[in-house]
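K.L.:
Each chain, written out:
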Amino acid sequence: MKRWTLAELAKETGAQLRGNADLMITGLATLRSAGPEQLSFLANPLYRSALAVTGAGAVILREEDAADFDGNALIAANPYAVYAALTHHFDRTPRREPGIHASAVVDPDAVIDPSAVIGARAVIESGAVIGPACVIEPGAFIGARVSLGQGCHVRANAVIHHDCVLGNRVVIHSGAVIGDDGFGFAPANGRWNKIAQIGRVVIHDDADIGANTTIDRGALDDTVIHQGVIIDNLVMIAHNVEVGAHTAIAGCCGISGSTKIGSWCVLAGGVGLVGHIEVCDKVHITGMTMVTKSITKPGSYSSGTAFDTTDNWKKMAVRLKKLDETTRRLRELEGLVQQLTSKTD
Amino acid sequence: MKRWTLAELAKETGAQLRGNADLMITGLATLRSAGPEQLSFLANPLYRSALAVTGAGAVILREEDAADFDGNALIAANPYAVYAALTHHFDRTPRREPGIHASAVVDPDAVIDPSAVIGARAVIESGAVIGPACVIEPGAFIGARVSLGQGCHVRANAVIHHDCVLGNRVVIHSGAVIGDDGFGFAPANGRWNKIAQIGRVVIHDDADIGANTTIDRGALDDTVIHQGVIIDNLVMIAHNVEVGAHTAIAGCCGISGSTKIGSWCVLAGGVGLVGHIEVCDKVHITGMTMVTKSITKPGSYSSGTAFDTTDNWKKMAVRLKKLDETTRRLRELEGLVQQLTSKTD
Amino acid sequence: MKRWTLAELAKETGAQLRGNADLMITGLATLRSAGPEQLSFLANPLYRSALAVTGAGAVILREEDAADFDGNALIAANPYAVYAALTHHFDRTPRREPGIHASAVVDPDAVIDPSAVIGARAVIESGAVIGPACVIEPGAFIGARVSLGQGCHVRANAVIHHDCVLGNRVVIHSGAVIGDDGFGFAPANGRWNKIAQIGRVVIHDDADIGANTTIDRGALDDTVIHQGVIIDNLVMIAHNVEVGAHTAIAGCCGISGSTKIGSWCVLAGGVGLVGHIEVCDKVHITGMTMVTKSITKPGSYSSGTAFDTTDNWKKMAVRLKKLDETTRRLRELEGLVQQLTSKTD
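Chain order of the listed sequences is A, B and C.
Here the working numbering is used: position 290 in the first sequence is 278, and no number is missing along the way.
Here the working numbering is used: position 37 in the second sequence is 25, and no number is missing along the way.
Here the working numbering is used: position 63 in the third sequence is 51, and no number is missing along the way.
Mixed in with the good hints, there may be bad ones.
Pairs count within a copy or across copies, as identical chains cannot be separated in the list.
Subject to a maximum C-alpha distance of 25 Å in a straight line, what follows is the list of computed SDA-like cross-link-like pairs (lysine to any residue) [to be verified]: (1) 309 to 319; (2) 302 to 318; (3) 331 to 230; (4) 270 to 66; (5) -1 to 23; (6) 281 to 19; (7) 285 to 233; (8) 182 to 215; (9) 182 to 2; (10) 302 to 322; (11) 270 to 280; (12) -10 to 97; (13) 281 to 173; (14) 309 to 296; (15) 331 to 184; (16) -10 to 4; (17) -1 to 39; (18) 303 to 263; (19) 182 to 19; (20) 270 to 285; (21) 281 to 309; (22) -1 to 79; (23) -1 to 117; (24) 182 to 66; (25) 302 to 287.
These are computed hints drawn from the structure, not numbers from a lab.
Just chain A, same shape as in the assembly (with noise of 0.2 Å):
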């Protein structure tokens, strides 16, 4: 087992130690599950009543929080990225060895670094081009002519099809589609007549994308993930979307076809965006949320209804339906009342 020192944590991670430099960590763990050889951490400050009461050998927190904590700690203005860091010790994503297994399909006008780890069944089409430090993990398809950067992800099954453009350090989970056809069809002669899609699919530097997410190529132009996106699992990107630099969409998002996403917004789960909008940056858009129309400030959206016992539901669905004349019943009513008033002043 792997072992360091929190003085050596505190060195790599730049937090201030106090307490027993010498203490051995083995691991990490939450403040109530933690035990004498871990290290916890305290981030969100509704947890700050689990500090009394932790195992933790040691405890990541803010100069302010350590005030109220005995044990050992390292102090950090930003506790969450300090534990962020450190997890990667942890991490038991197996490593692989460069190569290319003896299972895996490459066909011989593909560019493979040496550096690169081709897993078992998988299959890398004609002229593709697989970066240093690349891994492709067992099963995944790299299509004809795609180009992986340095230092790429494609996890176990995933699919990426031919002439899409990854940068470096970009994560693909496994099952995610990049670059299937968008969803073109032009209705002539009583029937959807298919749209070649001709663009691409375009992800750059450190993007991640999540399991079975779909990302489609683009028709004409290409859909585009800027640097540092973060996608979730279960997402469907349309075609000739983009996605602006460091935005986050949670799992189960839809992204309708030609819509622009700014940078550092954040989708929570389940948002749905119609096609053909755009979204400024910095904008938050609460989980569920239908957005059809673009919004150009930045600020927190939403939409839906809040949950209620399904009587309660009901009842409010029916009135509901009728709203519409109820606000036309109460228009109604405020005349009368004016025409009382004067009557009787």
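Position chains B and C against the provided structure of chain A, taking the given hints into account.
P.N.:
The following block gives chains B and C in isolation, referenced to the frame of chain A:
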């Protein structure tokens, strides 16, 4: 073709036989489509009218329904359960021979029970343990140190990442991704910093996980699916979620991180739950409901609005945006009417 | 690089040529990005302003739009359909040579037409029939006794389970799962008891099924997708659903079990339908609508609430929960005002 006499089926299921004991049954069908060699069932009273016109050779039904029916019958307290049991006779899912397919890639450090099936092109990584009578279909990926109990079924092209634990008789349908990384990133230095996800996914006995569903591994602690949970397709289970025993989750639901759901709950399709909440046992949530707070009482819960023609809906939606103002106008009007009433009294 | 004269493209599509018949066209592009060797199109009046500034070598447009444009043109009644037809010249999806890749695993009892392509690592099980000119891309799984007509295209890592039937020219995009089990379980003896799903999925000619979409096999009868249906990514089609000819279903929709949708319907993104209902022909359902009852009249239907700033939305949501009470207060007030009116008259 396999066939059974009605008497054999009665004996097997404990149902009471009425009519022709020697009737040969070669299949199951709905009341409307069944023929003279087929067995049908009546479980839902809505379909009682079909009983009069069915061409079925025999029908599984309750005693109270049997009075209205002249044909051959299997009489049981729970016809749906009898039907469920008998479906397995007619299941055409291919049975596979124990053994490892020549095209599978099995790490020498994996432990495969001799009664297990490892299909074509499957990949089993180092340290994985595949228990007796497990079936790993073609193209599935089983990561390092994954442990499967007895009789698990991992369907074509499903993925289970390293260190995850499945109990006995767990089914993972095609394209499902178990144990990929949770969506954890710490914002610092003007970017999202990846938090290694060092927990696992633990799935207890008899759970059934739908096609293309994703269950993310925990950040520190595990994501846990308890015994007998059934999850439909395209469901997103985020990191550190816990789903209680025998809970049923229909398609397209999304459960955000660290949320705990009790046992014997039912989530209808498209339901979304925010993170860090708790839902108690025996809660029913209707389709597409957004749950934003913990639920502490068993019962049925809903959100959303009833659908209408788009024209009516637009009028409603406009009024709804002004509901706060409308309600304040009502309050004001109530004040005026009270004044008028005192004046005219 | 392949290239065509404008005259050749006019002849091929039946469009009327205006301008330089010898202009060499090497690609297609949007009005805003096209260069002098590229052909563009104007189909949506919203983009008419781009016509004045386009750098396109030629534009496909309607006669009424051609009057405002000086450049080379292909004039047609349906410019979008002309554009759709021409996209196929510029499609870079790899063409694969007929034959079975050495790494594919094809059961000796499968029947593969010599003009079909079986890609690397594909698995074709016993009794499957792959028709002329079908393309099975790498990593796809075709189960036992599956039947594919002529010219079907099953993309990388897609899955089709046993006994399903595809007509001619059906496209199954990457990661889609066709014919996995419907979500059928009978509650009895304190657990969910699996109901074997013994129906099939039948997909008729020219249907197109999106990436990571799932279509479950029927419980007893089949799940049926009729001719010319187009389905986008991440759509969930439950067991025994029937989708009528030429219906279009956008991304992230979910259709619950046994529901029947008519022909030429359009479901926008994220729509959900409960089970056991019917939607007639030519129904349009706007994005994220929840459909809880049968629809018997063609037209457009919607549900949900318009989005707003989160602050405004919260006020609305609080008022909405009290809408039943508010409406009753209005009714009461109407009574009071009527009394007052009769008093003051």
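K.L.:
Given a CA cutoff of 25 Å, do residue 270 and residue 285 count as a within-copy pair, a between-copy pair, both, or neither?
P.N.:
within (8 Å within a copy, 38 Å between copies)
K.L.:
Is the C-alpha distance from residue -10 to residue 4 at most 25 Å within one copy, between copies, in both cases, or in neither?
P.N.:
For residue -10 and residue 4, only the intra-copy Cα distance (22 Å) is at most 25 Å; the inter-copy one is 64 Å.
K.L.:
Is it within a copy, between copies, both, or neither that the alpha carbon of residue 309 lies no farther than 25 Å from that of residue 319?
P.N.:
both (18 Å within a copy, 16 Å between copies)
K.L.:
Give the relationship of residue 270 and residue 280 under a CA distance limit of 25 Å: within one copy only, between copies only, both, or neither.
P.N.:
both (18 Å within a copy, 23 Å between copies)
K.L.:
At most 25 Å between C-alpha atoms: does residue 303 with residue 263 qualify within a copy, between copies, both, or neither?
P.N.:
between (34 Å within a copy, 23 Å between copies)
K.L.:
I want to check one pair: residue 309 and residue 296. Are their C-alpha atoms no more than 25 Å apart within a copy, between two copies, both, or neither?
P.N.:
both (17 Å within a copy, 8 Å between copies)
K.L.:
Between the shortest in-copy and the shortest cross-copy C-alpha distance, which are at most 25 Å for residue 302 and residue 318: within, between, both, or neither?
P.N.:
The answer is both: 22 Å in one copy and 19 Å across copies each meet 25 Å.
K.L.:
Quick one: residue -1 to residue 117, C-alpha cut-off 25 Å, is that within a copy, between copies, both, or neither?
P.N.:
neither (39 Å within a copy, 39 Å between copies)
K.L.:
Treating 25 Å as the Cα threshold, decide for residue 182 and residue 2: within, between, both or neither.
P.N.:
Answer is between; shortest inter-copy Cα gap is 18 Å, intra-copy 57 Å.
K.L.:
For the identical chains here, do residue 331 and residue 230 meet the 25 Å Cα criterion within one copy, between copies, both, or neither?
P.N.:
neither (62 Å within a copy, 64 Å between copies)
K.L.:
With 25 Å as the alpha-carbon cut-off, assign the pair residue -1 and residue 23 to within, between, both or neither.
P.N.:
within (22 Å within a copy, 56 Å between copies)
K.L.:
Up to 25 Å between alpha-carbons, please classify residue 281 paired with residue 19: within, between, both or neither.
P.N.:
between (43 Å within a copy, 23 Å between copies)
Violated hints for the displayed structure, listed by number in ascending order: 3, 15, 23.
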